[in-house]
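Using the hints, put the two standalone chains together into the complex.
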Amino acid sequence: MRLEKREAPSAAMLWVAPLLAAATSVVLTGLLFTALRVNPFAALRLLYLAPLASANGVAELALKMTPLLLCALGIAIGVRANVWNIGAEGQFTMGAVAGGGIALALGPAGGWYVLPLVLAAGIAGGMAWAAIPAALRIGANAHEILTTLMLNYVAQDILSWLVHGPWRDPQGFNFPQSRTFADAATLPTLWGTRLTPIFFVAMLAAPCAWLLLQHTTAGYRLRVAGLAPAAARYAGFSARGTVWLSLLIAGGLAGLAGIAEVAGPIGQLMPTISPGYGYAAIIVAFLGRLEPFGIVVASALMALLYLGADGLQMHLQLPLSLTGTLQGMLLFLLLAADVLVANRVVWRRAPAAAHAPGSMR
Amino acid sequence: MAEAVLILSIVVATLRAATPLLLAGLGELVAERSGVLNLGVEGMMLMGAAAGFAVRALSGSAALGLLAAILAGIAMAALFALLTLRLLANQVATGLALTIFGIGLSALTGLPWAGVPAPGLAATIWPGLAHAPPALQQVLLLDPLVWIAFAGVFAVDWFLRRSRAGLALRAVGESAEVAHALGTSVLRIRLAAVLFGGAMAGLAGADLSLAYTPMWAENMTAGRGWIALALVVFATWKPWRLAAGALLFGFVTIAQFQAEAFGLSLSPDLLSTLPYLATIVVLVLISRDATRLRLAAPAALGKPFRPTD
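Residue numbers (my numbering), protein chains in the order written: chain A, 1 to 361; chain B, 1 to 309.
To be clear, the hints were calculated from the coordinates, so they are not data collected in a lab.
All values derive from a computational prediction rather than experimental measurement.
Keep in mind that a hint or two might mislead.
As the list claims (entries may be wrong) - To spell it out: a stretch of chain A is covered by chain B in this simulated footprint if at least three of its residues, at any positions, have a beta carbon under 8 Å from a beta carbon of chain B; those stretches are:
(1) 136-149
(2) 153-159
(3) 318-330
(4) 337-343
What the hints assert, rightly or not - From chain B, some residues computed to sit far from chain A (all C-beta separations above 12 Å):
(5) 123
(6) 126
(7) 162
Note that beta-carbon positions come from the ideal geometry of N, C-alpha and C, so glycine has one too.
The shape of chain B in the complex, shown without the other chains (with noise of 0.2 Å):
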């Protein structure tokens, strides 16, 4: 039974863990489906990880408290398609610019809240946790985020691949001036995708400071919203991909805080590399056969599109 418990509690655990991966990711792969490269993930997540975090404090409703770090996610994302899709910046460079202001900014509003403890968002809606038996206490651990990061992985996939706007997305990803010509609307597309992406990212901030480790810390995302970026490129743009690299990543999170249960003693420092050399690993192993990961891309991807009239 005691097995079965700590069987269990991986489990859940890897799930916790691969969550806020997922649902930034899924965002990510819906804007690079479209062609546009946003490397500001990091940053967005970040923002919507400071005003979740704020507004459940604030207002006491941790529902609040989401809708607002989806909100946050969506502004950042619209002042990156304003600057890329609008004013055909670099979409690299402004990525970079995205991530930078958004550490800084959350840094900065967050300021009150730093350290303060609060209690999880499944503790939130399942007052009796702590005093549950310890299997149902495990089941109940997965809140309804992580439900909706897998749940997202369905729906993004049948998006992708059977609906109207899902093909009309995809066709702008592999040739805006085709899309174009055919009479699709590719900046109102590309809009929509980024202010997804946006929306994902402020909703896996959120996951971070409301449901994973309930407290806002400067920077606590700690790389999650690259690693994303690392992991649609290891999923090749496919949703499901997506769901099994997040898991993996998502088990390699916890492998840190289990090696010591197995009587592995190595420093907390050189067990928390494991996450980013990991990546490297999955980026190299996908990366090796260029071919197919040329194939693979959304062929416009970080091109950008000038309509003409």
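The shape of chain A in the complex, shown without the other chains (with noise of 0.2 Å):
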């Protein structure tokens, strides 16, 4: 067996892969349910069929869609322009924090203003965090992945350091959180679910996110930054417009996923606000090939595995850090999917009897 080169990248096999490689996962999962001594076929229920079974299963998956969603969609935003952002988890820890500190300051007051200022806020402290990866990729050629990376640690530190000192609820017993939010600095919740408007927010940022890519200038740049540095240079497309412009808008994203967290399901600032959703939503974005509607599919089958990993520990007992595994080998899965669609698979037959010895050519 040996791969060839085709051509052109295969259109079908781009969107065949994603498929191959989620049907490849299933199976894989169903025996890794076997190694983990439960029954497959039930495992398989609960982690893809029953977290969808109610109307408040499908608001519970919408939910975590929004995070999943949100940060995926800059991270793919990046990696269309060769800017690798990893990261989505730092933008929403701060993106939480600044927000989270807004709403703290304000404490009980009340008014219209206080949950737009709120959302500002933490759409202001991702990007913040996400302009100190752009300046130092800017002004020292530091390489992103390893700066956003480092930081997404720093926020964590940050985070946990608020909420065991100066953030601490005086009356909470002293547990490492802070006082729950005012109602007015908490998002409001839709159809008796935990669902908040910022899923819709979510679902309009992907058409907006095809948008910019596909029919505006400032995108076209992004794509060819991304696609031809060399030709971005020469057409005069500023290097430096490109690297600014995704993580801002990465961060941003990242940022109002993590106020709509802790301003939404979980109410106050905590030292663990996300399983990892800044991490997932690399998976994401890859899963649904950098494309802003392929990313709404996949942060839908994301939340699933989210979700399904919740009823796994809850009836099956089984470990919450499965859901970890599983996306890995999602990720793994789609990669070597991938091959097919820049390659084709060639099964070569024994060598010919014209190579034989004494045969004439």
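Right, dumping it as structure tokens:
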């Protein structure tokens, strides 16, 4: 068996590959369940179907989708421009810290202006955190993969420090968590579920990202910078602009995701506010082919994986760390399946008789 | 005398904190010199840490634990090699996948051993450690992995600069096409380099779970794999500079714990940001001179090679 490069990438394979990866992942997941000594069919049903069995389950899915979708859109815009932002987790955290800080500072103050202020601070917090790697890349040529990643750890430490120290709830029995946010600083919920309107903002962000990438000059420059950096330079497109734009958008989206979590289902600041959404969003971005609409579908799938893992823990006592294993496996399978986009498999037959000694050519 | 012991203890603590960074960094340095960028160091380290701890707990043998850690690292690296070398997948994305997968799988497989206390490697080798005089105790704390890490600097430096295989490896990392045209087996050399990187990352993980903080906890590497990656850049791909960088970071790491002794009362959360901030600072310092960095980097780093026959 041998790989032969296609003349042009296969358009069909571009979308068949993720389906192939998802299908293989279901089979491997079943095998993993067997290895963990649980009935694979019951477990697969709990993982993929049970979460969708009720209207409330669907609302929970949309709720989990929101941060994944927001973060993944930002990551995808970056990767399309060859800017590797691994820092969504940190930008998410700093969005929650900045917005949460405003919510705590305003205290019980009411008024229509509180929530917009809190959300804006969240977006600004994420953008500010993403501005650091952008400035370091532009000013000092420091590669964003490592700087964004390091800043994830720093952001987590800052959050942990705040809720253990200055922002700890004085009436909280010494638990490391802030006061709960006032009603005016909390997102409204819909239809008696925990879903907040930010889900629709995220769903709207996808077509906006598509418009930006496909139908604006700025998006065109981003894509050229990613596909052909040399061409972008010759065309006089500013590399600075590309880095700043993609990182600020990503930071703003991740910051919004962060504040939407703490001003939504969580309702306060605590040491752990994300089960790794920022990292899972990297997988979502790739699974969605770095295309906004693909990412919507991929974020739903990833959200299902999170919800399903919760169910597995509840009903079969399986560890939550299963989620990370399944996520990593899915990305591996996708990367392997992606080979078929650029290559075709050639089954080479045994050397032909023409090469036999003594034969005429 | 007390002061001498204090200074000795700081030196020993620095060496011990530098060891996992140095082990993982040396492995990644060799892989990168062959032209392969493996961002999965963190994941390989975690698998090594979990496998090493589990096998030591099951077998009672630290040596078997170390062996298991090396094999776990190699297995993870083989997965990376299959995808990037054989199937020509994007190295950056595959490395990230390896890290995410390693974090999850190590948490899953290590679960039964989370929080189980275990004696450190030095205490296993020297049962009388706790009763030794303070100065001797410090010296004995330098377990074999510390020595292996620093001897590894000599070995890797010699290998890269003086051996035929090292020359071939560097040639592959500078230009796979030219090396291929000269009859060098590019993929075989890259595979060996990637697997070596996995073995060293696995060993680095075991150093954490068996020697440095003898226990297993989910995500216990806390970004050390990424810091090791940054140190390879900081070292401009040279083993000796890597050792210097690892020592510097070892010192920064223990400075967290020493700060309190010197009357500096900062929150432990803020102090724990030090290594991460220091990583950013050294990256900025080394990257500022873009031309120098580009000249020092292996020219084929991150570029896939498709053999033509």
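Check: Tell me, which hint numbers fail for this structure?
Finding: none
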